[in-house]
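Going down the list, the sequences are from chains A and B.
Read in order, the letters of the first sequence correspond to residues 70 to 627 in our numbering.
Read in order, the letters of the second sequence correspond to residues -5 to 336 in our numbering.
Just so you know, the hints here were simulated from the structure itself, not pulled from any lab data.
Misleading hints may appear alongside valid ones.
Claimed, not checked - One side only, chain B facing chain A, incomplete, derived with CB under 10 Å:
| # | residue |
| --- | --- |
| 1 | V77 |
| 2 | S82 |
| 3 | A106 |
| 4 | P109 |
| 5 | Q191 |
Heads up, the beta-carbon is just placed ideally off N, CA and C, and yes, glycines get one too.
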Amino acid sequence: MSSTAAATRLVPKFDTDRIAVLALVVVVVVPLLVFVVAPLVGIFKMSFVTADGIGFGNYVRYVNSPKFAKVVGNSLAVATTTTAITVLLAYAFAYAMRRTAMPGKRVFGSMALLPLFAPSLVQALGIVFLFGRNGVINRTFNLGIDIYGFWGIVISDVFYSFPHAYLILSAALAVADARLYESAQVLGATGARIFRDITLPSTKYGILSATFVVFTIVITDFGNPMVIGGDYSVLATEIYNQVSGQGNFQMGAVIGVMLLVPAALAVIAEKWIMRRHHATITERSQPLMVVRERWRDRTGLAFTAVICGLIAAIVLVVVVASFVTLWPYNMHVSLRHYRFEVQNGLKPLWTSIWVSLMAAGIGVVVSVGAACVTRRLRNLAGQCLYFLSILPAAVPGMVLGLGYILVFNDPSNPLEALYGTLLILALCNVYHYHAQGYLIAMTSINQISRVFDEASTSLGGGFIKTLWEVTLPIIASSIISVGVFFFVRSMVTLSAVIFLVTPVTQVAAVSVLLLDDAGNANQAAAFSVCIMVVVALALLLFRLVLRMSGRRNVLLIH
Amino acid sequence: MGPNVFLSLRNITKRFGAVPALNDVSLDIGEGEFVCFLGPSGCGKTTLLRVIAGLETPDAGEVSQGGSNLIGVPARLRNFGIVFQSYSLFPNMTVERNIGYGLACRKWPKDAISPRISEVLTLVHLGDQAEKYPHQLSGGQQQRVALARALAPKPTVLLLDEPLSALDAKVREELRAEIKDLQTALRITTVMVTHDQHEAMEMADRIVVMNAGVIEQVGGAVDLYDQPVNRFVAEFIGRMNLVRLSATKLSIAGERSDDDPYVGIRPEHIELIDVTAADADTLVGRIEKCVFLGSFTRITLTVDGKRLLLELRGRRTDLATGAALAVRIPAAAIHRLQDAPG
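Hey, can you work out the whole structure from these sequences and the hints?
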């Protein structure tokens, strides 16, 4: 209607909806800049600060030091060896779970995830109790096994990273198009050939994804190398030694950047691969029915039982050790390690619970908020937000933690007041695990049809109204599981917060490390048990809440 | 068209990346009119509906309602009711809350909401289902609730995006009639998108036939069937034989003899005649295929190597494959079409 230029325009001057979107963008993006980008910038800046001004001096000095090649070599050796072993074991385990008709899958499936709910150094602790200098094996059989070092770290990290690899590979093996397998059988292919030509190719993305995820977890792991590494130095422990041991922040930052590079590359590779991974399963696919096959099922059962037995044994040893007078010399049952007569008593446990609750609350708001905004933006701004939200996945905990000291322990920073508080611990945990929380929320939001948004819009619902009354209620169970995820991670994590705790704000996982470091392994074990009990209770409680609200089949593990 | 132009679309163009969805589309819709956008998938009909709804912003062109420009007005503020293909009811709300949602959004007074919900629920014959959740309802009931939800805030325009295509054939026919009756009773300006010609012919006052982002023809069902302007419309609505004029053994007044254009003939307009009574106007061929389709029988006839479709009423046991058949094409059955077949 070009003739009606003066026609009344119904366009409102201030679209309240745009303001609402903009407000949420600010709420989501500003903290990401402050708590993820700024610490990273801080670490890069610090790595260039030398006695003679800004320059590459630190890098040159570090690269030329004999220690450099050794530490980097150690880290890569541990990470590649562990990755190879873990992915192989986890693939076999997942295959037995998904593609055989063995009994006991539910129990084995839960047991495989046990390491996710224990402090990150429990594996090393358990192995030391078994094979260490004063371990039960060495003491009983007088073998003189030296577990400290490369193999100790590898074994601990295999168990530590096992559930992550298992979850990815299990998902990859869970989907299969029966028609492919039936055609192969009709064409006369043998079992081995079907595995090589169909199963393996269809799970290659899962295998690659698991490989990079495990590599990242292992190369950034701090707790296990600390407990069982002995003199065998890796990048993550080296940062700690430089900063906490020698107060050399510049060198810590340099090593941090060195650690950031392989971790970031692995994460980028993983995301890139998953983007290439188009769905091979269509709505026409027929689900694969597993038929009984005696020997295959028995082999699978034996294998999964052994793996689960080992996983359980390590945790069990820690539990037993916490209840005996003095492992392994005096095996009388005793509760003396639960008196916690040192180091603030049981206070770190309460601190941990409190910090984890805060992290759960804040984590839900920021990661679900980020997911909602990403969906709404759709364009380039949405892609930027996506990148910013998953950026923390590429940042090792040690690096993030060090970045926090550099940024928030600076008197010129108005947020310096946060330093030394419980809130900064919670925030550090939230942004350390932001990517995972965000991706859980993103996945479930993307499952909601856009028709709901459009229906709401056409009925007059604004952005906030739609979010509050339609989107969020639909994904309520996922939101709860995001909260549980942040709670559990915060309870067990060690690497990011190790730099941020003060004697007043010490958290339980750090207590475990310090107790073990002080040679008090039994009390460290007792503290670990307390953490695991809290995590188990929390999971049980959430299960109960979900069941009472009529929501079942909610994944609490990611 | 109704008495006044109510909705006006002017030169609407929309591209998705490099793919053109709408190319310079203009259309006027009258007040209280029921218009159907009909076309194959990918023709731009849904995009055009979404432009009207405000769910898509056109790259160029104007949309106006009663003289007011709508471009830039968010969908939220247009007060148009939309019914989507399926599964658009909020799964976390009861039927009642679903319907009340739009009323609450549009700030209806609290004491007016509940009576309005009952009113529209009665309108769609679901007065007793208010407490149920969408997953407890059948597909047809869900679409009725969606219709009630769209109508509740008294929208100025009702937009239906293939509302019946996900339903079973029987339910679809029931609902067609119901929606049409409701629209007639409420006299609400309605635009429906469909790819089903029967749906369009049964429900619409005017049908807009679309293809490849442009409007091919606008008109009532009878106009489109009897006077299709081109081959696309002719073949999309009903069936049409396309042959050279010379093959019909007819000539059209005023046509030069050396000109031999393509013409269309509806299969049911071809007349069967006795082989013995054949004369100069008669086409004689052999039956290639004979298919019984209930109320009529469809015959594929080969005449001089060219195929001709015939539709004869009832069941024809007397006609067998391979038999000879004589037919005649009445002059009135010839349709001149703008474009030659490609």
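Hint check:
1. V77: holds (9 Å)
2. S82: The hint holds - B:S82 has a Cβ within 10 Å of chain A, the shortest such distance being about 4 Å.
3. A106: Violated - the Cβ of B:A106 stays beyond 10 Å from chain A, reaching only about 15 Å at its closest.
4. P109: Since the shortest Cβ distance to chain A is 18 Å, the answer is violated.
5. Q191: violated (25 Å)
When each numbered hint is compared with the structure, violations occur for hints 3, 4, 5.
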